[in-house]
Amino acid sequence: MNALRAVLWKDLLSEWRSRDRLPAMLVFALLTVVVLRFSQPSGSLAGNSATAPGLLWVAYVFAAVLGMNRAFALELENDALAGLALAPVDRGWIFLGKAAANLLLLALAQVTTALFFAILFDVDLLSVAGPFLGVALLGALGLTAAGTLFAGISVRTRYHEVMLPLLLFPLLVPLLVGAVQATAGLLGEGRAGTGALQLLVVYDGVFLIASFLLFEYVLDE
Amino acid sequence: MNDRADTSLERMARAAQGPAGALLLLLTAVAGFVIVRAPADVVQGVLYKILFVHAPAAFAAYLGFLLTAVGGALYLWRNDEQWDRLAVASAEVGLLFCTLNIVTGPIWAKAAWGKPWVWDPRLVVTALLWVTYLAYGLLRSFSEPGPRAARFAAVYGIAGVLLIPLNYFAIDLFGGRAQHPENLQRASLGVGIALPFLAGMLAMLVAFLYLLALRLEIEGLRVRRDRIDHENALEDSA
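So the protein lines, in turn, are chains P and C.
Going by the working numbering, the first sequence opens with residue 187, and the numbers climb by one from there.
Going by the working numbering, the second sequence opens with residue 3, and the numbers climb by one from there.
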């Protein structure tokens, strides 16, 4: 537990001092939304509500990958990763600290992007703001649980910036289906379907537990 | 860390190659014969006979991916290099059979379903597995060979198999409809079809084992070559 808090605090502090990850994630997410908006057929916005949830989550996934790529790149300087590995604590807690920092940054980017998205795509996210935050957070939890594990792997391969999405995207499909269906349910009927929420919760649980256990072998020096 | 170049798994693989190769030749001939002789389907004519390649290839692919995860888990647990070699070999051979399965599917579906691709759970989940183990291969080729690459690949191989049930659930939620014929559950394999199906399965299983044995030997040779290169480099620098 102490390790979780220490790693989380260290990551947030270094982010606060450098301010490089969150602005990059935010600007990238906003730009993605702009590009997606212009990739829609011109004219009326009528057809948008069907594709809007999926497009929003595409922007979230892109922002998350960008942010998580940097999560371990920082640790490569001064060989800080070896320092983390040498810490006399269960490495699962180090993983949770890292993932918590990623989750917090992603959640901040998500809220800002959602506001921007709602205006540009003319979808009424505000009236379901509470439940939507819940769905966004469940999705972000799965994204960071899987992403943090594979960011720890990709950072020590060649072309590591390219490697993270290559590793992550094939495994994200169930999470995306759950998150997009839940968001679509909120926008359409005002409530997310139980099936979609179940899928999100199960995905989060599976990857939190698997990553907690497997991170031991990722950080091993 | 176990450093034996000649592992028990490798010795087994080498010993199995001859008999497996001979058995494969025999089984291919038998399967080819009984498949050609099998009666034509009332509705589909001879088209359905692709089943005798398509379905066994799927079983071989899933067996390969399962072995990748098992080999990875054993490697993480025992820290014995030979399990990593099993994981690499079965991932590659599994991907080969998965490709065969994905290529034969649309050939049949274009005629039977009218479309080469539909949102059928089994189809989509297999396609996702194909992409996942393609990424597995990229991960291996983009990391320096060694214990770290083996650990990373093991973690990824395990995650890939963990996802199979979740993918099924997701495609169901996505609105996919099962369109695969339920031959096994409903025992709809008509008269005279069980034998060619069984022959096809056996031939494909032996083909899988034969290719796996070959790939295991190659992996062993590769490891040994790397070790010799490494020793030579050390001598040169000394």
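A portion of the hints provided could be inaccurate.
Simulated restraints on C-beta separations [what the hints assert, rightly or not]: (1) M187/P <-> P167/C: 26 to 34 angstroms; (2) D308/P <-> A196/C: 30 to 38 angstroms; (3) E233/C <-> S200/P: 50 to 58 angstroms; (4) L140/C <-> M187/P: 33 to 41 angstroms; (5) P21/C <-> V388/P: 54 to 62 angstroms; (6) P209/P <-> P183/C: 52 to 60 angstroms; (7) Y170/C <-> L301/P: 29 to 37 angstroms; (8) R203/P <-> P149/C: 49 to 57 angstroms; (9) D406/P <-> L27/C: 20 to 28 angstroms; (10) W115/C <-> D308/P: 52 to 60 angstroms; (11) E233/C <-> F355/P: 55 to 63 angstroms; (12) R80/C <-> F224/P: 50 to 58 angstroms; (13) L207/C <-> F224/P: 24 to 32 angstroms; (14) Q226/P <-> L197/C: 52 to 60 angstroms.
Only part of the chain P face toward chain C is listed, based on derived beta-carbon distances under 10 angstroms [to be verified]: (15) F214; (16) R344; (17) Y345; (18) F393; (19) F398.
In short, the hints are calculated from the structure, not lab data.
Just so it is clear, CB atoms sit at the ideal spot from N, CA and C, and this is done for glycine as well.
Distance restraint hint 49 to 57 angstroms, applied to the beta-carbon atoms of R203/P and P149/C: violated (35 angstroms)
Cβ separation of E233/C and F355/P, checked against the hinted range 55 to 63 angstroms: violated (40 angstroms)
Beta-carbon spacing of L207/C to F224/P - inside the hinted bounds 24 to 32 angstroms or not: Given range 24 to 32 angstroms: violated, Cβ gap about 52 angstroms.
Is the hinted range of 30 to 38 angstroms satisfied by the C-beta distance from D308/P to A196/C? violated (59 angstroms)
Under 10 angstroms is the threshold here; is the Cβ of F393/P close enough to any Cβ of chain C for the hint to stand? holds (8 angstroms)
Distance restraint evaluation - L140/C, M187/P, Cβ atoms, bounds 33 to 41 angstroms: holds (36 angstroms)
Using the beta carbons of R80/C and F224/P, state whether their distance is inside 50 to 58 angstroms or not. holds (54 angstroms)
F398/P as an interface hint toward chain C, with CB separation required under 10 angstroms: violated (12 angstroms)
P183/C and P209/P - C-beta distance against the hinted 52 to 60 angstroms: holds (54 angstroms)
Minimum beta-carbon distance criterion (10 angstroms), Y345/P to chain C: holds (6 angstroms)
Range hint 29 to 37 angstroms (beta carbons of Y170/C and L301/P) holds or violated: Holds, since Y170/C and L301/P (Cβ atoms, about 36 angstroms apart) stay within the stated range.
Would you say the C-beta atoms of Q226/P and L197/C sit inside 52 to 60 angstroms of each other? Because 56 angstroms falls inside the window, the suggested range holds.
The structure fails to meet hints 2, 3, 5, 8, 9, 10, 11, 13, 15, 19 from the earlier list, while all remaining hints are met.
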